[in-house]
Amino acid sequence: MAMVQSPKAATSSSPSLILTSGASGRIRALFSVQALKSLLMLINAFFLLLLVPFGGRRRTVVSAGVSARGSSSSSFGDQKSKDDRLLQESGVHRTKLRVPATVVPWKSGGGSGVTAVVDSEVGGRRAIAIKRALQEDDPNTVREFSLFVSARSDTIFTQSWTSVSVKIRGLVVLMHGLNEHSGRYSDFAKKLNANGFKVYGMDWIGHGGSDGLHGYVHSLDYAVDDLKSFLDKVLSENPGLPCFCFGHSTGAAIVLKAVMDPKVEDRVSGVVFTSPAVGIQPSHPFVVVRISIIPDI
1 MAMVQSPKAA
11 TSSSPSLILT
21 SGASGRIRAL
31 FSVQALKSLL
41 MLINAFFLLL
51 LVPFGGRRRT
61 VVSAGVSARG
71 SSSSSFGDQK
81 SKDDRLLQES
91 GVHRTKLRVP
101 ATVVPWKSGG
111 GSGVTAVVDS
121 EVGGRRAIAI
131 KRALQEDDPN
141 TVREFSLFVS
151 ARSDTIFTQS
161 WTSVSVKIRG
171 LVVLMHGLNE
181 HSGRYSDFAK
191 KLNANGFKVY
201 GMDWIGHGGS
211 DGLHGYVHSL
221 DYAVDDLKSF
231 LDKVLSENPG
241 LPCFCFGHST
251 GAAIVLKAVM
261 DPKVEDRVSG
271 VVFTSPAVGI
281 QPSHPFVVVR
291 ISIIPDI
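Numbering (the UniProt record's numbering), first residue to last: 1 to 297.
These aren't lab readings, by the way, just hints derived from the structure by calculation. All C-beta atoms in this analysis are idealised placements derived from N, C-alpha and C, irrespective of residue type, glycine included. Take the hints with a grain of salt, since some may be wrong.
To be verified - Derived DSBU-like pairs: lysine-lysine, alpha-carbon spacing no greater than 30 angstroms straight-line:
#1 K131 with K167
#2 K190 with K167
#3 K191 with K131
#4 K228 with K257
#5 K190 with K228
#6 K37 with K131
#7 K190 with K233
#8 K233 with K257
#9 K263 with K228
#10 K191 with K167
#11 K190 with K257
#12 K263 with K233
#13 K190 with K131
Claimed, not checked - What follows is a set of in silico ranges between Cβ atoms, one per label pair, in the way DEER data are often shown:
#14 P239 with V272: 50 to 60 angstroms
#15 M41 with S275: 55 to 65 angstroms
#16 L178 with I43: 52 to 62 angstroms
All chains should be built: construct the whole structure from the sequences, respecting the hints.
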């Protein structure tokens, strides 16, 4: 016989069940220990996130040997002497650096307007440039170098390439680009020699065998002024020959700015630029082109 248990008996024998959470259940869950821990962790993470930008700052520690007036020259001098002795003992030579007062104000004792020069580094670069010019072994080309002093008292390295057999019918003064030197254009100069052009190259300030901190140019106007002086020298040595200027990249910008001077423009027959570092006014501004493509704007 099948036995049927009444609903009442079933209810009394089984544990009570919550079929709906209800408002009271939600409130109890909100204020549970686990929820409070999660809230505290979130608040802690928020404050840590706010403190991150300030955690990397370092405090400046003032040495006890510096007086209240900031007269630390004696302690600095003692430390410099110790450093010099350590360098001498280790066999390392300190490089002498002359820096303009406008660049590093605390070195104003050297005088204003002094060009930044690393003496040993400039000497090394110049020696390499001279060696390359003297070791030219092309029988068809005479390669020479010369130095001249600019109006700023900087020594500028220049060189020339002259054909041995081809008659000279014109001059080319070339200007190299940034972080280059005129010696890189030796093969190009020889090609021009074969076509009857004598070629001159100038290492502008901070490059090649010229004075200046390597790769540093305080102002391109320095290079422009030096190019003008060099052109005067070249034209005076070769009267009656047409002169052309060639410039690559930043060298093109230097040539362009130089020939914009009417005195230079009248003496130069033409210019040639490759990858000039100059801005060009577009024939169709960006806004106009965009409107023509999307007329609804």
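Each hint tested on the structure:
A distance of roughly 27 angstroms separates the Cα atoms of K131 and K167; the hinted pair therefore holds under the 30 angstroms criterion. For a cut-off of 30 angstroms, the pair hint linking K190 to K167 stands: about 14 angstroms separates their Cα positions. This hinted pair checks out: K191 and K131 have alpha carbons roughly 22 angstroms apart, not beyond 30 angstroms. Distance check on the hinted pair: K228 and K257 sit about 10 angstroms apart at the alpha-carbon level, within 30 angstroms; holds.
Distance check on the hinted pair: K190 and K228 sit about 24 angstroms apart at the alpha-carbon level, within 30 angstroms; holds. Between K37 and K131 the CA atoms are separated by roughly 76 angstroms; this puts the pair beyond 30 angstroms, and the hint is violated. Between the alpha carbons of K190 and K233 the distance comes to roughly 21 angstroms, so the proposed pair stays at or under 30 angstroms and holds. Proposed proximity of K233 and K257 is supported: the alpha carbons are some 18 angstroms apart, at most 30 angstroms.
Using a Cα cut-off of 30 angstroms, the hinted pair K263 and K228 holds, with the two alpha carbons roughly 10 angstroms apart. Using a Cα cut-off of 30 angstroms, the hinted pair K191 and K167 holds, with the two alpha carbons roughly 14 angstroms apart. For the suggested pair K190 and K257, the alpha carbons sit about 27 angstroms apart, so the restraint of at most 30 angstroms is met. Straight-line distance between C-alpha atoms of K263 and K233 comes to about 14 angstroms, which keeps the hinted pair within the 30 angstroms bound.
Of the supplied pair hints, the one linking K190 and K131 holds, its CA atoms being roughly 18 angstroms apart against a limit of 30 angstroms. For the pair P239 and V272, the beta carbons lie near 23 angstroms from each other, so the given range of 50 to 60 angstroms is not met. Look at M41 against S275: about 58 angstroms separates their beta carbons, and that is inside 55 to 65 angstroms. Between L178 and I43, the C-beta spacing of about 54 angstroms keeps the proposed range 52 to 62 angstroms intact.
In this structure, the hints that do not hold are numbers 6, 14, in rising order.
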